[in-house]
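Q: Since the structure of chain A is provided, determine the placement of chain B on it from the hints.
Line by line, the protein sequences are chains A and B.
Each residue of the first sequence is one higher than the one before, counting from 0 in numbering that gives the first Met the number 0.
Each residue of the second sequence is one higher than the one before, counting from 0 in numbering that gives the first Met the number 0.
Heads up, some of the hints might be wrong.
Claimed, not checked - Taking lysine-lysine pairs in the PhoX-like style, the calculated list, with each CA pair at most 25 Å apart, reads:
(1) K29/A to K480/B
(2) K586/B to K52/A
(3) K76/B to K11/A
(4) K33/A to K396/B
(5) K536/B to K52/A
(6) K29/A to K93/B
(7) K44/A to K586/B
(8) K503/B to K29/A
(9) K44/A to K500/B
(10) K661/B to K29/A
(11) K117/B to K33/A
(12) K29/A to K188/B
(13) K29/A to K482/B
(14) K140/B to K33/A
(15) K11/A to K500/B
(16) K44/A to K86/B
(17) K117/B to K29/A
(18) K11/A to K586/B
(19) K11/A to K482/B
(20) K44/A to K482/B
(21) K52/A to K482/B
(22) K44/A to K188/B
(23) K29/A to K505/B
(24) K480/B to K51/A
(25) K193/B to K51/A
(26) K44/A to K140/B
(27) K193/B to K44/A
(28) K29/A to K8/B
(29) K51/A to K482/B
(30) K8/B to K480/B
(31) K29/A to K586/B
(32) K505/B to K11/A
(33) K33/A to K8/B
By construction, these hints were calculated from the structure, which means they are not laboratory data.
If you want the building blocks of each chain, they are given just below.
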Amino acid sequence: MSEIENKLLDEKRLTAMKVNILELEIENLKTRDKTNDEMVELIRKIISDELKKNY
Amino acid sequence: MLIKSLYIKNFRQFKGETTVEFACDKEKNVTIILGDNTYGKTTLLQTFNWCLYDFVVFDKDSNPDMLLNLELASQMKYGSRDIVEVKIVLIHKKTEYTISRTQEYIWTEHKVRGEKSKVTMSYKLLGSDGQTDIRDQYIEKMINEILPRNLSNFFFFDTERVRGVSNRQDVSESVKGLLGLTVLDNAIKHLGSKTAKTTVLGKLYSSMDNEGDQKATEALERINSTQQRKAAIAERLESLRTQITDYEAEKARVDHILAEGKSTASLQERSLTLERLISRETNALEQTYSKFIQEFNNGTVTFFAKPLMIRALDFMKDAKVDDKGIKDMTAQSIVDIINRGRCICGIELVEGSTEYENVLRELDFLPPQSIGTSIRNFKEKIEMYDATNRNYFTNLKSRYEEILRLKTNIQEWQDEADEIKRKIEGKEDMKKYSLKLSDVKTRLKELNEKREHLIREDEGCNNDIERFQKVYDSLVAVSSKNKSIMTYIRYAEEILAWITKTYKEKESDIRERLEEKVNEIFNKIYHGHRRVSINEKYYVTLLAMVGEKEIASGESEGLNRVKNFAFIAGLVELAKEKIIAIAGENKIDLSSEPYPLVMDAPFSNADATHTTNISKVLPEVAEQVIMFVMEKDWRYAEPVMAYRVGSQWILDKITDTYSILKRSDS
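Bound conformation, chain A alone (with noise of 0.2 Å):
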C-alpha cells in the first residue's frame, strides 16, 4: 500500500489545499492571467502535491 493511501483526509492538508485553492482563485481573479485549463491542472496539482509532502 503506497504512503498516498494512508494519507485519507488528513485535516491539515485538507485545509492547506483549502487554502492554496482559494488564493489560486483570489490571485487569477485578479490578474485574469490563466486559462480554465491552466487553472484545473494547478488546483490538481495542489491536491496532489500536498499528498506527496512529508510532514
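A: Frame of chain A; chain B shown alone:
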C-alpha cells in the same frame, strides 16, 4: 481605490489638453462636472473605459472609431500625425498609479487612420518621489487587479445602465464579483464533477484505469448518466420554482384585485342579470300589448252593442216566437226553390202537388207573412254575443293588469340598472380577473404536480448513484494506481463540498444583508410603503403590502430610478465590508475593494424630491463620487450635496466639435 486625476488630449471634442482633478477627501468626496446635453459628459465617461480597458461606447452615427478631435483631423495634411491621449492617476493601497493610453493618427491615402493604441503604466509609493514603470506584459493584469473590468459596470454608470441595473442578465455575475463570491464560484467550476471532463474531478475520474473491467466502466457510465439526469432535474426544478413564485405573486395580485373589486364584481353580475330580465319582460310586454289590441278589436262592437240588444230583447219579449220555420231560411230562398222546380231533397216540385204545397207553406213562417223565425234567430244570436261579452271584459282587464305589472317591473329594473351603471362607471371588468385567477390556479396546480414528480425522480437518482458508486468503488479499488487517484478524488470532493457549503452560506447571507442595506437606503430616498425584494438572480422587485400579503407593485420611471440607485448604493456599501472564508485556523479574505462611483447624468428622469434624497445618500455610501450632471438637475442636488463637493467643473461647448472643461468658481 480613488481616482485622483484625468488628463485628456485631443479626445473627441476635447481639443488640446484638459486636466481634471477629482475630490479625494474623505469628507468632501464628491466631484461635480456640470454640462448640458451634447456638451461632452458621455465622452468624459468614455475616457475611463478607453484608458483602462481600450474600448468606448458611442452612438453608431457619431463615428465611434474616430477618437481624434474632428477639427484637428480636418486640418491634417499628407504625412502629418496627431496624438490622442488619456491619462488617469489612481490611488490604490497607498500606491499612486499612472495609466496612460495613446493612439497615433496619421493622414494617409486621403484619410485619417488611427494606429493601434498603446498603454503605459507606472507607480510610486505615496509620499515618495520617482516613478517605476511597469513592464508592458503586466499592465493589463495590473489594471484588472486594481479595477477589474468585469466589475467596471458597477463603478462606471451611464444613464442607460442606471435604468436597467437591477434586472439585467449580467447583474448576477457582477454582483457576485463585487461581493467576493466569484472566487468560490470559480473554484467550484474548476473542481467540477466527474461528468465534466475538463474539470479537476472529471480529469481524475477519467484517468482511472478501468480497462478490462467492463462492469466498473458500466457502473461509472451509469453514475455519469444519472448525474446528468440529476443536473437536468435540478435545472428543471429551479425553473419550476421560479415559475411557481411568479404564478403565486400573480395569484396574490389577482386575489387582491378581486377582493378590492368584490362589490364591483357583484354589481357587474347584477347588471347583466337586470339586462336579461328587462329584455325578457319587454318581449312579454310587446306580446301582451298585441293580444290586448287583438281582443279589443274583436269584441268591442258586440260589447258596446249589448245595451241595445237588451233593449231589443225587452221590446221583443211579447212577440210570438215561431219555431216551425227553418233556421236562417228566407222567403226568397223558398221562391227560388219553387222556381227551380226541384226541392233540395231531389223531388220534383209540380205546381199543385203535395210537395209543392208543403214547400210553399214554408213562406208562412217567414217574413213578411211571419217574423217568428227571425225573432228566434235574433234571440239566439244575442245569446251568443252575450256569451262573448262575458269573457271580453275579464280578458281585457287581465291583459291591462299584466301590462301594468310588466311596465312596473321594467321601470324598477331599469332604475336599478341605471344606478349600478353609475356606480361601476370606469371600473375594470372583474369577470376577466375571475377567469385569470382560475387560469393561474390551474397552472399552479400543474406546476406543483410537476415539481413533486421531479422531486421523486431526483430521490430515485440519488439512490441509483449511491448503488452504482458502491459497485464502482468495490471494482476499481483493486489497482494501486486507481487507489492513489481515488485518494485525490476523495480530497477534491471534500474540498468541493466545503467550498459549495461555504458558497451557499455566504451567498444567502450576502443576499440577505444586501436586501437589508438596499431597503435601508431605499427608505431614505423613497417615503412610501414599499419594500425591496432581491431574488436569487439579484433581480430587484418592489413589493407593496396588501392585507397580510406582499405583492409586486408597479413602477413609474422615477420609482425605478430610486430602486436602482438604492440597489447600486447598497452594493457599494456592502462591497466595503470584509468577507472571510474560514479553513481550519486560516482566514481567507474574499472581499473586493471599495470602488468609486462614476456616473453620467444620474438624475435623468428622477423628480426633484428623489434627486435631493439620492444626493444625500450617495456620498455617504461610496468612497468617492464623480458625477456628470445637467445644470437643471444640479439645482435640486446642490442644496444637500454642496458640503460634500470637493471639486466642481463646468463644461462649455464652443462648437459641435469643441468643448472645454474649466474649474467652476461656485
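Q: Each hint: holds or not?
A: Results for each hint:
1. K29/A to K480/B: At roughly 37 Å apart (the allowed maximum being 25 Å), K480/B and K29/A break the hint.
2. K586/B to K52/A: holds (23 Å)
3. K76/B to K11/A: violated (71 Å)
4. K33/A to K396/B: Violated, because 105 Å separates the two Cα atoms, which is more than 25 Å.
5. K536/B to K52/A: Violated, at roughly 42 Å.
6. K29/A to K93/B: OK: K29/A and K93/B at ~18 Å, within 25 Å.
7. K44/A to K586/B: At roughly 22 Å apart (the allowed maximum being 25 Å), K586/B and K44/A satisfy the hint.
8. K503/B to K29/A: Since the Cα atoms of K503/B and K29/A sit roughly 22 Å apart, the hinted pair holds (cutoff 25 Å).
9. K44/A to K500/B: With a Cα-Cα distance of about 23 Å, the restraint between K44/A and K500/B holds, given a limit of 25 Å.
10. K661/B to K29/A: At roughly 36 Å apart (the allowed maximum being 25 Å), K29/A and K661/B break the hint.
11. K117/B to K33/A: The hint holds at about 23 Å.
12. K29/A to K188/B: holds (17 Å)
13. K29/A to K482/B: violated (36 Å)
14. K140/B to K33/A: Cα-Cα ~11 Å, so holds.
15. K11/A to K500/B: Distance ~19 Å between K11/A and K500/B Cα, so the pair holds.
16. K44/A to K86/B: violated (41 Å)
17. K117/B to K29/A: holds (22 Å)
18. K11/A to K586/B: holds (15 Å)
19. K11/A to K482/B: holds (21 Å)
20. K44/A to K482/B: holds (17 Å)
21. K52/A to K482/B: holds (18 Å)
22. K44/A to K188/B: holds (16 Å)
23. K29/A to K505/B: The given pair, whose Cα atoms are some 20 Å apart, holds under the 25 Å limit.
24. K480/B to K51/A: holds (14 Å)
25. K193/B to K51/A: Given that 25 Å is the threshold and the Cα spacing comes to 23 Å, the pair holds.
26. K44/A to K140/B: holds (24 Å)
27. K193/B to K44/A: holds (17 Å)
28. K29/A to K8/B: violated (30 Å)
29. K51/A to K482/B: Since the Cα atoms of K51/A and K482/B sit roughly 14 Å apart, the hinted pair holds (cutoff 25 Å).
30. K8/B to K480/B: violated (64 Å)
31. K29/A to K586/B: OK: K29/A and K586/B at ~19 Å, within 25 Å.
32. K505/B to K11/A: holds (24 Å)
33. K33/A to K8/B: Roughly 35 Å separates the two Cα atoms, so the pair is violated.
Comparing the model with each numbered hint stated earlier shows that hints 1, 3, 4, 5, 10, 13, 16, 28, 30 and 33 do not hold.
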